[in-house]
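In case you want the letters, here they are:
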Amino acid sequence: MTLEELQEIKAGEELARSQKKKSIHVCVAAGCMSQNAEAVLNTIEGQLKEKGLAKDIDVKGVGCMGLCAAGPLVSIEPENRMFQEINQANAFLVTDNLEKGKKTTNDLASDSPFFKRQYKIVTENCGVINPERIEEYIAFDGYLGLYTVLHDLDQNEVVQNLIKSGLRGRGGGGYPTGLKWSTVAKAVGAKKYVICNADEGDPGAFMDRSVLESDPHRILEGMAIAAYAIGADEGFIYVRAEYPLAISRLKVAIKQAERKGLLGNNIFGTTFNFTISIRLGAGAFVCGEETALIASIEGGRGTPRPRPPYPAESGLWGKPTLINNVETFANIAPIIRKGAEWYASIGTETSKGTKVFALAGQVVNTGLIEVPMGMSLREIIFDIGGGIPGGRKFKAVQTGGPSGGCIPEEFLDIKVDYESLTKLGSIMGSGGMIVMDENSNMVDVARYFMEFCMSESCGKCVPCRVGTAQIYDILTKFAERRATEADLTLLEELCDVVRNTSLCGLGQSSPNPVLSTLKYFKHEYMERIQAEVNQE
Amino acid sequence: MTANGQIKIFTLKIDGKDVSARSDQTVLQVCRENEYFIPTLCHLEGLSNIGACRLCMVEVAGQRKLLPACTTMVSEGMEVTTTNDKLAHYRKMTLELIFSERNHTCSVCVSNNHCELQYLSQKLGINHIRVPYRFPKFAVDASHPYFILDHNRCILCTRCVRVCDEIEGAHVWDVSGRGIQAKVITELNQPWGSADTCTQCGKCVNVCPVGALSEKGRSVAENTKRSGFLPYLTARRKEKI
Numbered sequence: 006m007t008l009e010e011l012q013e014i015k016a017g018e019e020l021a022r023s024q025k026k027k028s029i030h031v032c033v034a035a036g037c038m039s040q041n042a043e044a045v046l047n048t049i050e051g052q053l054k055e056k057g058l059a060k061d062i063d064v065k066g067v068g069c070m071g072l073c074a075a076g077p078l079v080s081i082e083p084e085n086r087m088f089q090e091i092n093q094a095n096a097f098l099v100t101d102n103l104e105k106g107k108k109t110t111n112d113l114a115s116d117s118p119f120f121k122r123q124y125k126i127v128t129e130n131c132g133v134i135n136p137e138r139i140e141e142y143i144a145f146d147g148y149l150g151l152y153t154v155l156h157d158l159d160q161n162e163v164v165q166n167l168i169k170s171g172l173r174g175r176g177g178g179g180y181p182t183g184l185k186w187s188t189v190a191k192a193v194g195a196k197k198y199v200i201c202n203a204d205e206g207d208p209g210a211f212m213d214r215s216v217l218e219s220d221p222h223r224i225l226e227g228m229a230i231a232a233y234a235i236g237a238d239e240g241f242i243y244v245r246a247e248y249p250l251a252i253s254r255l256k257v258a259i260k261q262a263e264r265k266g267l268l269g270n271n272i273f274g275t276t277f278n279f280t281i282s283i284r285l286g287a288g289a290f291v292c293g294e295e296t297a298l299i300a301s302i303e304g305g306r307g308t309p310r311p312r313p314p315y316p317a318e319s320g321l322w323g324k325p326t327l328i329n330n331v332e333t334f335a336n337i338a339p340i341i342r343k344g345a346e347w348y349a350s351i352g353t354e355t356s357k358g359t360k361v362f363a364l365a366g367q368v369v370n371t372g373l374i375e376v377p378m379g380m381s382l383r384e385i386i387f388d389i390g391g392g393i394p395g396g397r398k399f400k401a402v403q404t405g406g407p408s409g410g411c412i413p414e415e416f417l418d419i420k421v422d423y424e425s426l427t428k429l430g431s432i433m434g435s436g437g438m439i440v441m442d443e444n445s446n447m448v449d450v451a452r453y454f455m456e457f458c459m460s461e462s463c464g465k466c467v468p469c470r471v472g473t474a475q476i477y478d479i480l481t482k483f484a485e486r487r488a489t490e491a492d493l494t495l496l497e498e499l500c501d502v503v504r505n506t507s508l509c510g511l512g513q514s515s516p517n518p519v520l521s522t523l524k525y526f527k528h529e530y531m532e533r534i535q536a537e538v539n540q541e
Numbered sequence: 042m043t044a045n046g047q048i049k050i051f052t053l054k055i056d057g058k059d060v061s062a063r064s065d066q067t068v069l070q071v072c073r074e075n076e077y078f079i080p081t082l083c084h085l086e087g088l089s090n091i092g093a094c095r096l097c098m099v100e101v102a103g104q105r106k107l108l109p110a111c112t113t114m115v116s117e118g119m120e121v122t123t124t125n126d127k128l129a130h131y132r133k134m135t136l137e138l139i140f141s142e143r144n145h146t147c148s149v150c151v152s153n154n155h156c157e158l159q160y161l162s163q164k165l166g167i168n169h170i171r172v173p174y175r176f177p178k179f180a181v182d183a184s185h186p187y188f189i190l191d192h193n194r195c196i197l198c199t200r201c202v203r204v205c206d207e208i209e210g211a212h213v214w215d216v217s218g219r220g221i222q223a224k225v226i227t228e229l230n231q232p233w234g235s236a237d238t239c240t241q242c243g244k245c246v247n248v249c250p251v252g253a254l255s256e257k258g259r260s261v262a263e264n265t266k267r268s269g270f271l272p273y274l275t276a277r278r279k280e281k282i
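First to last, the sequence lines map onto chains A and B.
Each residue of the first sequence is one higher than the one before, counting from 6 in our numbering.
Each residue of the second sequence is one higher than the one before, counting from 42 in our numbering.
Everything labelled a hint here was simulated from the structure, so no lab data went into it.
You may find that some hints are simply not true.
Listed below are the simulated DSS-like cross-link pairs for lysine-lysine, each with C-alpha atoms no more than 30 Å apart in a straight line [stated by the list, open to error]:
1) Lys125/A - Lys27/A
2) Lys482/A - Lys133/B
3) Lys106/B - Lys191/A
4) Lys196/A - Lys60/A
5) Lys127/B - Lys178/B
6) Lys428/A - Lys106/B
7) Lys482/A - Lys127/B
8) Lys400/A - Lys324/A
9) Lys178/B - Lys244/B
10) Lys105/A - Lys125/A
11) Lys420/A - Lys400/A
12) Lys324/A - Lys164/B
13) Lys54/B - Lys106/B
14) Lys49/B - Lys196/A
15) Lys191/A - Lys49/B
16) Lys524/A - Lys279/B
17) Lys524/A - Lys133/B
18) Lys15/A - Lys54/A
19) Lys107/A - Lys27/A
20) Lys27/A - Lys121/A
21) Lys527/A - Lys133/B
22) Lys127/B - Lys527/A
23) Lys25/A - Lys60/A
24) Lys106/B - Lys527/A
25) Lys398/A - Lys428/A
26) Lys49/B - Lys133/B
27) Lys324/A - Lys279/B
28) Lys107/A - Lys65/A
29) Lys482/A - Lys178/B
30) Lys127/B - Lys524/A
31) Lys398/A - Lys191/A
32) Lys265/A - Lys27/A
33) Lys420/A - Lys106/B
34) Lys482/A - Lys224/B
35) Lys107/A - Lys56/A
36) Lys398/A - Lys324/A
37) Lys420/A - Lys343/A
38) Lys127/B - Lys428/A
39) Lys26/A - Lys56/A
40) Lys49/B - Lys324/A
Could you build all of it, start to finish, from the sequences and the hints given here?
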């Protein structure tokens with residue numbers, strides 16, 4: 006592959022597009038797919054053929070359009086007219102209304118705040134390109150970043166670019182990505198590895214899945230750039246087996262990239278070699294923790310080991326290893342293409358760029374959103390999310406998955422970034438956002454997450470293995486109104502032990518849901534103690 | 042160790058006192074050399090360290106989190122605190138959690154009076170367990186001709202797993218299940234007696250800190266363990282090379 010060939014593919018795609026009057030996009034990511042989007046796609050194709058429009062109108066399956074609550078979604082481009090809840094029976098609404106004009110019952114306002122308030126970097130191609138065609142990714146400047154890096158930048162310049170961009174790890178910890186890359190780049194050793202952590206396990210989170218399903222080449226390009234920067238020639242994508250669609254699209258993407266010479270040996274005619282293989286996780290949440298993930302790739306039992314040594318120094322098979330999350334890798338190509346300064350201009354002082362959130366729970370617009378760092382929770386939940394359905398009252402929002410915490414209404418106006426959420430006793434996490442209304446009891450919420458942590462604890466260290474089970478038992482007592490004051494004291498004590506003495510991040514953060522609900526909703530715990538006293 | 046394999050000599054502070062250490066030593070090794078008491082259960086000299094029991098947690102100046110002494114390598118100018126009120130509290134609580142996990146009844150145990158768990162609890166002054174007992178139901182595997190496995194007394198320190206894999210080279214033992222459901226298994230969760238890989242060497246029994254692994258025919262308090270063979274064995278093996 007050369008730059009000319011890359012441009013040729015792009016020009017070819019643009020020509021093909023210009024020959025069609027319009028194109029119809031049907032979302033075929035997992036959310037819409039589960040509502041039979043594939044049949045919708047076929048129906049629309051059939052109807053166009055009947056009308057003799059097949060030549061003029063292009064129909065294609067695209068990645069996630071975001072508003073999963075209203076799926077299957079269909080849009081007509083280039084005017085970006087959107088339709089919601091399209092099925093085989095009402096697919097004619099789309100094909101009958103190709104020209105502007107009549108509003109249908111299934112029209113979806115594409116200028117609503119849900120779409121307009123977003124800022125798309127990671128998901129810029131989601132809902133735009135067909136994820137199973139590398140040509141379409143290239144048409145949107147795909148692999149141009151990799152070319153630039155290989156031909157115009159040396160390794161240190163790539164790392165410096167990343168440092169200047171201010172990008173921080175999107176897996177949850179928020180560790181500066183540039184710093185991590187420079188550490189691995191400086192590590193001694195001829196063999197190094199790049200790993201993409203796609204073992205997304207938080208309940209209610211589906212950011213990584215959507216990106217992998219909608220734009221898999223973006224991840225491959227990000228990983229290749231990383232490999233060049235740190236001096237690696239082999240990469241692994243560790244993706245959970247529960248994401249069959251993402252896995253199949255990744256496989257297709259890897260094969261296409263290899264065929265085009267964008268992975269493999271002598272990429273873009275340089276001496277840079279890089280191959281990527283896929284490893285499937287067997288469903289253990291703890292395997293999202295980097296040392297457990299490495300153990301799992303090595304074929305061992307997925308249990309974390311104490312750090313240091315960090316994977317940057319001694320990772321996969323004892324070699325220096327760079328591990329980043331899917332969303333982190335998805336940010337790399339745009340940073341290289343558009344420049345670190347551009348990226349650093351988005352977001353807050355300490356947290357740059359955008360963040361993808363999976364909005365779930367009691368919110369009108371359930372789905373995937375990408376917003377600049379520093380947007381307030383209120384804007385995210387009420388403007389973009391559309392507020393709470395059925396006119397009920399907002400109670401709390403849970404961020405960061407089972408390791409995160411619940412944030413009550415009085416803090417809705419804080420600007421979302423890594424620091425502000427940590428200050429509130431929650432975390433950014435990978436980007437799950439579960440909205441709860443007045444019908445949720447916080448003790449039950451804490452108990453739900455504790456049950457998750459208990460059953461997902463690997464069982465290696467004592468505080469997490471036994472502590473989480475004991476905390477869960479106490480919360481069950483609360484749920485059944487059998488708890489006493491002494492239980493509350495013990496609960497707090499256990500949370501403290503588990504947080505401070507557990508081996509890995511999963512254990513250390515597992516009491517967060519309990520601690521944050523104790524902090525903001527203690528009265529709900531007290532009510533249940535009180536109830537018991539009254540019964541007596 | 043440094044990149045070129047050279048060992049350096051460091052000076053560090055343990056509880057305010059200066060001590061010297063080789064760069065390939067762990068904090069625990071240096072503390073024990075200098076006769077500082079740090080409780081451990083999963084650690085055993087001669088086996089790899091996994092940092093699982095969390096009893097050896099120490100404070101290191103400049104570190105936000107507590108660190109396990111058994112897996113933390115020494116460094117120049119390190120300041121280690123081996124014990125204070127907070128650490129003592131955590132250690133006691135961790136032991137209480139271990140006691141609450143399964144059915145530890147000293148009065149009927151083969152290891153009574155020579156049990157590491159029992160010894161540490163006495164040493165740390167535990168006289169009652171504040172967290173509720175979980176009373177799980179576990180079977181006893183007595184299918185082996187010489188040894189017995191009693192899950193009720195197991196603390197999941199995985200010394201048996203490591204000694205069998207690292208020293209004996211048989212890898213009969215492993216852990217199955219997750220979290221509170223985890224338990225040690227022989228082969229692919231088959232009865233121990235049917236394990237073809239088992240060489241019947243008894244190393245696992247002798248490194249077991251509690252009464253989970255015992256010799257057949259031993260009654261209450263009769264099973265003394267001889268874990269001292271391990272440093273001897275590893276030292277002799279090193280000599281050969």
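Tested hints:
no.	hint	verdict
1	Lys125/A - Lys27/A	23 Å, holds
2	Lys482/A - Lys133/B	24 Å, holds
3	Lys106/B - Lys191/A	26 Å, holds
4	Lys196/A - Lys60/A	51 Å, violated
5	Lys127/B - Lys178/B	34 Å, violated
6	Lys428/A - Lys106/B	18 Å, holds
7	Lys482/A - Lys127/B	28 Å, holds
8	Lys400/A - Lys324/A	47 Å, violated
9	Lys178/B - Lys244/B	27 Å, holds
10	Lys105/A - Lys125/A	26 Å, holds
11	Lys420/A - Lys400/A	18 Å, holds
12	Lys324/A - Lys164/B	42 Å, violated
13	Lys54/B - Lys106/B	18 Å, holds
14	Lys49/B - Lys196/A	26 Å, holds
15	Lys191/A - Lys49/B	22 Å, holds
16	Lys524/A - Lys279/B	55 Å, violated
17	Lys524/A - Lys133/B	26 Å, holds
18	Lys15/A - Lys54/A	27 Å, holds
19	Lys107/A - Lys27/A	17 Å, holds
20	Lys27/A - Lys121/A	22 Å, holds
21	Lys527/A - Lys133/B	27 Å, holds
22	Lys127/B - Lys527/A	25 Å, holds
23	Lys25/A - Lys60/A	7 Å, holds
24	Lys106/B - Lys527/A	27 Å, holds
25	Lys398/A - Lys428/A	25 Å, holds
26	Lys49/B - Lys133/B	36 Å, violated
27	Lys324/A - Lys279/B	25 Å, holds
28	Lys107/A - Lys65/A	23 Å, holds
29	Lys482/A - Lys178/B	21 Å, holds
30	Lys127/B - Lys524/A	22 Å, holds
31	Lys398/A - Lys191/A	53 Å, violated
32	Lys265/A - Lys27/A	29 Å, holds
33	Lys420/A - Lys106/B	28 Å, holds
34	Lys482/A - Lys224/B	26 Å, holds
35	Lys107/A - Lys56/A	19 Å, holds
36	Lys398/A - Lys324/A	52 Å, violated
37	Lys420/A - Lys343/A	25 Å, holds
38	Lys127/B - Lys428/A	24 Å, holds
39	Lys26/A - Lys56/A	15 Å, holds
40	Lys49/B - Lys324/A	23 Å, holds
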